[in-house]
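Participant: Add chain F to chain Z, keeping to what the hints say.
Protein chains in written order, with the numbering used here: chain Z, 10 to 413; chain F, 66 to 133.
Honestly, the hints are just simulated from the structure, not real lab data. Among the hints, a few may not be true.
No more than 30 Å apart at the CA atoms, straight line, and that leaves these computed lysine-lysine pairs for DSBU-like [claimed, not checked]:
#1 Z:Lys161 / F:Lys117
#2 F:Lys113 / Z:Lys161
#3 Z:Lys161 / Z:Lys197
#4 F:Lys113 / Z:Lys197
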Amino acid sequence: MISPLTVSELTNQITGILNQQIGIVSILGEISGYKTSSSGHRYFTLKDDQAQIDCVLWASRELSFLPCDGMKVVVRGKLAVYAPRGKYQLDCTNLIPSGIGELYLSYERLKHELYEKGYFTRRKPLPQFPLYVGIVTSPTGAALHDMLTTLKRRTPHIQVYFCPASVQGDKAPMEVARGVTLLNQTLKHLSNAVIIVGRGGGSIEDLWAFNTMIVAESIYRSELTVISAVGHETDHTIADLVADHRVATPTAAAELVSKFDRDFLLTYLQSLENQMTQTISQIIEANQYRIHQLINSYGYQKLQDRIHNYTQHLDEIESDLSKHIARIIETRLTQLSSLTAHLQSLHPLSPLKRGFALLKQLDQFISEQQVLDPHQPINIIRSSEIIHATIKSIKPRIESNGEL
Amino acid sequence: MESFEHQFQRLERIVEILDQGKEPIGTLLELYQEGMTIAQNCRIYLEKAEQKVTEIRQNQDSVEIVPF
Chain Z
10 MISPLTVSEL TNQITGILNQ QIGIVSILGE ISGYKTSSSG HRYFTLKDDQ
60 AQIDCVLWAS RELSFLPCDG MKVVVRGKLA VYAPRGKYQL DCTNLIPSGI
110 GELYLSYERL KHELYEKGYF TRRKPLPQFP LYVGIVTSPT GAALHDMLTT
160 LKRRTPHIQV YFCPASVQGD KAPMEVARGV TLLNQTLKHL SNAVIIVGRG
210 GGSIEDLWAF NTMIVAESIY RSELTVISAV GHETDHTIAD LVADHRVATP
260 TAAAELVSKF DRDFLLTYLQ SLENQMTQTI SQIIEANQYR IHQLINSYGY
310 QKLQDRIHNY TQHLDEIESD LSKHIARIIE TRLTQLSSLT AHLQSLHPLS
360 PLKRGFALLK QLDQFISEQQ VLDPHQPINI IRSSEIIHAT IKSIKPRIES
410 NGEL
Chain F
66 MESFEHQFQR LERIVEILDQ GKEPIGTLLE LYQEGMTIAQ NCRIYLEKAE
116 QKVTEIRQNQ DSVEIVPF
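In isolation and in its complexed conformation, chain Z is listed as follows (with noise of 0.2 Å):
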């Protein structure tokens, strides 16, 4: 036989199963006995013709409204057991009242669904500095004019592509979304461009466009950073959770682009030219110092003395230089001199000056050979003059010691 549970142990095991089978649920149904205990938890009965759930509030939860008996509202909680009564009951987060009941469910439902799919998962990062903001709103509410205007006064510099669209009414949701898109095609190829879709507050009905799959879909697929800015107080439209950034209001929406507004990007910049200004200067003074160490170094200071040294010896090699050529130019301009006289004395004329004479006849010199006769008329040239003679008489010369 199996041993029987305890009563904790069988509620235990019904609080697990409730709170895996059934956990987080959205309730419609009608208040019932609404108190407010001494320590502000509130309790009350949910139900309809058929059945009835208990139901706790905690004083920590907010509410908009005050709940009164017979109120129909939607009630979004956990399904708890109380143990020490045993008791289930719901442990409410939130009310809504009903007349926007259905709303509400429905969005919960496609609150589910995209959580579901990842679709809040989105967080691309605002551009440091946008240049091009587009921009999903009315033409005619007040939304644009409050964002056209934060943005000339803060960040003139930024353009501005705007895509009018209904924010409420059967049309809205389908406007609202190709806006998204169309800013998409006109503006992804620039990396600093972001879009804000948005619109002023209203009731859930008149935000109910920012509810929508459709509108939901276009900002899930959006190249460009999506800022959610539709006016609201308490819950978050569906378009807020999968922007990448939500913001309360249109204007809050300028301001966030505009972040870094046009003075302060002035200011950066003188600080910047400063800082470069500064910095070289630092630089130039480190590298002037460092050659002024430089010359005024051991090393350097001995490397001139080695250059001078070099200088002056090379001085004097030179002055050697110029004394040695100079003496063989001498020694050479000597030689000179007497190869000419010498040259000069190999002349054929030369031996005429010292009296010698040569013969010539019919203006041939005779030659040692040719054989002379008596009578014979020759020239006898002499150092100055010419003598025409005759031969008188021819006899052999007989050589003697000097003698001629």
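Facilitator: Chain F only, in chain Z's frame:
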């Protein structure tokens, strides 16, 4: 002008390189020149800028882009 954002990033990078001072001094001087030119361009761009709003409308199949 190359995108303002890119110019600004380039300027910040130049300031960083100058601060590190690891490059040869010739390069640093060139970077300084470049940085001052960029800063001047950015300043002129910011000072002269006037808000420009363009409207984008879709008509049947075509997209119309007109001044607002």
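Participant: Against each hint, give a clear statement of whether it holds in the structure.
Facilitator: Okay, the hints, checked on the actual structure:
1. Z:Lys161 / F:Lys117: holds (9 Å)
2. F:Lys113 / Z:Lys161: holds (13 Å)
3. Z:Lys161 / Z:Lys197: holds (23 Å)
4. F:Lys113 / Z:Lys197: Satisfied, since the Cα-Cα distance of roughly 25 Å is no more than 30 Å.
When held up to the earlier numbered hints, the structure conflicts with none and fits them all.
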